[in-house]
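Protein chains in written order, with the numbering used here: chain A, 1 to 219; chain B, 220 to 538.
Accuracy of the hints is not assured; some may be wrong.
[Unchecked claim] Only pairs whose alpha carbons sit at most 20 Å apart, straight line, appear in this in silico EDC-like list of lysine to aspartate or glutamate:
#	chain 1	residue 1	chain 2	residue 2
1	A	204	A	134
2	A	145	A	216
3	B	366	B	355
4	A	215	B	466
5	B	402	B	462
6	B	366	B	351
7	B	421	A	201
8	A	212	A	153
9	B	536	A	51
10	A	204	B	478
11	A	204	B	480
12	B	341	B	525
13	B	341	B	384
14	A	115	A	180
15	A	159	A	126
16	B	393	B	518
17	B	421	A	196
18	A	177	A	111
19	B	421	B	362
20	A	101	A	114
21	A	52	B	461
22	B	377	B	347
23	A	52	B	452
24	B	402	B	466
[Unchecked claim] Covered stretches of chain B (chain A as the covering partner; in silico rule of three or more C-beta atoms under 8 Å from a C-beta of chain A):
#	segment
25	245 to 253
26	482 to 492
27	502 to 512
Don't read these hints as lab results, they were simulated from the structure.
Glycine included, every Cβ here is placed at the ideal spot set by N, Cα and C.
What follows is the residue order along each chain.
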Amino acid sequence: MGRSVSSNQVSYQTSSSGSLWGKIWAFLNRDVRSFCRQLPIGGTLQLPAPDKPMTNPDVLVSLAFQRRVLDWRDNAHADITRSMTNLCQAFSSHVDSTLGKAGLLDDLFSDTADKALLHEFIRQVEEPMHAHLDQQETALTSLVKQEMPAYKESVAFRKRRLGAEAFCPYFCDLRFKTSERENIIRRLEIWMLGSDGLAAEFRKQATQMADKLIKERQV
Amino acid sequence: MIPFEIPANFATQLAAGELVRYGSILKSAATGQIVGHLQETGVVQGLLSSLAPSVSSPLSLASNLVNLAPNIYTAIQTGRIKAEISQIKTMMGTLQSMQVATLGLSLVGLGVSVGSFFYMRKRFNAVEARLDQIVDAINEGFDGLRKAALREQRSRTKGLIQRAEHAREHSNPKSLYEDVAAKLAEQAAYFEGEISFMVTAKGSIPADLFWQLTQSLMLCNNVRLDCGIRNNELQHTLRTSEEVATEYQGLFNSLTPTDFDGSIEDGLRTVRVLRDITDSAASKPYLIDYLRTRRIAGDEYLSKLEQEKENPLLMLKAS
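Work out the full structure: start from the sequences and follow the hints.
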């Protein structure tokens, strides 16, 4: 009972007698792989010819595209986090300095934080962040145009959470006065950098956009 | 005759956009045809292990080499050191001309890893020493049992690399290589499990620990593939290399710069190296397939690369 295995060919020799014992013996000695691959007992399984490639070059095109999209996603994540962190610091400083200048009367007749901060929030956070996200969209659009000219779906961030309609309800229960300074700043940090904050939201969207594109191009 | 060429010969075409690089593969931009496979030689690991034994992560490699080379040059101007510095310069220049973004890639292998088992063991020892320091410093999330298991797995891995190192003197090296490769697959699975656990756990990923485990995983896989190529089991090794590539994609593709502790810039550098590692792993099956279809014996291929004394990188011309 011998079995010789070479890298290109697997051949099985059995005691190919037609007797019942011979068949049982052959069955017991069958390579388990043959049950799945219909390897003929006593026959030969032809593995791919040595000269025939076993790799598909088309996969490389899709992998190279995947790399470009992942690079975009990684840069977008870094840019979003970096920008939002800087904007949050700058805006917190604004809150700090404004409340630092507030007098007793300002504290007594204070507005809600959303009303007091909305204008500056739009100027200092919403608009610059829009610009950052626009830049990321432009980079991705150019990549898609180059690599997937037939792709018609939009590659844009949903930016509604950056707007006033999302900002106001989040801050309307806080008065804009000196005693609330720490609460306002903490709330701002959560709003912008927290695990469900603006940065996390846009990072999540960037990941979703990247995943969708990669899936579209998979071979 | 193995059709090796000097990679610098292709730099102009690459810069002009006539060629594009993916991982260690150079392709024609016009036809998409593979033009060649970039391949590190034994010089690379020799340089890394003699000049930068303390390099703990691919991120620090570039700065370590840049800082280390002039110091050594000033201190001891022996012929050997001069030659090594010149080789480092060549290597860095070639990597740049080949548009390899992260020099750290040379720690993980361009083409198949040709460090020889001796250098791989040396590298593993360095990783192990660093792991000891890190794990001892970590108390949270790394209990005594896990520490003991990690220690045991590292010892086993080191022993297996040592066995591979001495396989040539064995009466039946082929079966020894097979055995080592099979056992290293289990070791790789252990390290993969640890990395996967770390990646899916809550909170930031500790970058340093992550790197040491990632390097352990890569060393296991590199030695596995090396054993297969040495045994001329190219078809099987090709499939193994495909599995490894898929595994790296699954582990690393979802990681982003903000997942790691430390600064965003470090996180960005970390994921760039991870992408290069993944690309390099994904291009390995193509190189092995080329060897197979051209009937280039695996052991001969590795032996030629190990014997190379001048060029840290070569190009295996594909057409």
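Hint by hint, which ones does the structure fall short of?
-> Every hint satisfied by this model.
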